[in-house]
Amino acid sequence: DAKTTQPPSMDCAEGRAANLPCNHSTISGNEYVYWYRQIHSQGPQYIIHGLKNNETNEMASLIITEDRKSSTLILPHATLRDTAVYYCIVRGGTASKLTFGTGTRLQVTL
Amino acid sequence: GAVVSQHPSWVICKSGTSVKIECRSLDFQATTMFWYRQFPKQSLMLMATSNEGSKATYEQGVEKDKFLINHASLTLSTLTVTSAHPEDSSFYICSAVKYNEQFFGPGTRLTVL
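Here the protein sequences line up with chains A and B, keeping their order.
Reading the first sequence from the start, the letters are residues 1 to 110 in our numbering.
Reading the second sequence from the start, the letters are residues 1 to 113 in our numbering.
These aren't lab readings, by the way, just hints derived from the structure by calculation.
Keep in mind the model is a prediction, meaning the values are calculated, not measured.
Hints are not guaranteed to be accurate.
DSBU-like cross-link-like pairs, simulated, lysine-lysine; straight-line CA separation at most 35 Å [as the list claims (entries may be wrong)]: (1) A:Lys52 to B:Lys14; (2) A:Lys3 to B:Lys66; (3) B:Lys14 to B:Lys55; (4) B:Lys20 to B:Lys55; (5) B:Lys64 to B:Lys14; (6) B:Lys98 to B:Lys41; (7) A:Lys97 to B:Lys64; (8) B:Lys41 to B:Lys20; (9) A:Lys3 to B:Lys14; (10) B:Lys20 to A:Lys52.
Okay, chain A solo, but in the shape it has when bound (with noise of 0.2 Å):
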């Protein structure tokens, strides 16, 4: 699977939205990017997922770029619950494995 490169911290004010970057370069064309986040002391929990065309569900906004080496989270408006490390995977159609890099921290503040 490919590899994957995430800022290791974020800040970001409740209320407003919070834009998650991650970088995939060497993204196959039958790779998934797939983004999830852990709460402190929690089990990962599954967010959104997209192949090539921008994705939304009731959790976030996922932007991937038209080259699909890069993508962007979005959190539409942040609260201090989403208070988490946030991880961008990659990983095969079918294979159910995968592989955490070590993502991103965000603080949502008051």
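Let chain A serve as the given structure and place chain B on it in line with the hints.
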């Protein structure tokens, strides 16, 4: 839904004893489950892949005789840390696969004294 539970949520044991951690898929059957380990301030590291009815597949560097995995049913996988030592203290997380997606348990914090 796709709910995964772990038991216990935390455990403290003496050095040299064995500890069993259970991972259950509550509302679905999972032929594949994964076990991860996470040390403080680090990311999740995959330890092994657990397949129902067959031997687990361990990642490089993980001792299969120390971390015994049993996946005897479609809803239960167990991880036994044998002869635990303080360096085995960690957060152990399992996941279960449904429709090719992983759903994670809440984790088990193991402290070995």
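The hints, checked one at a time:
1. A:Lys52 to B:Lys14: violated, 50 Å
2. A:Lys3 to B:Lys66: This hinted pair holds, its Cα atoms lying about 30 Å apart.
3. B:Lys14 to B:Lys55: holds, 28 Å
4. B:Lys20 to B:Lys55: holds, 17 Å
5. B:Lys64 to B:Lys14: holds, 21 Å
6. B:Lys98 to B:Lys41: Holds, at roughly 29 Å.
7. A:Lys97 to B:Lys64: holds, 19 Å
8. B:Lys41 to B:Lys20: holds, 24 Å
9. A:Lys3 to B:Lys14: violated, 39 Å
10. B:Lys20 to A:Lys52: violated, 42 Å
Of the numbered hints given earlier, the model fails hints 1, 9, 10; all others are met.
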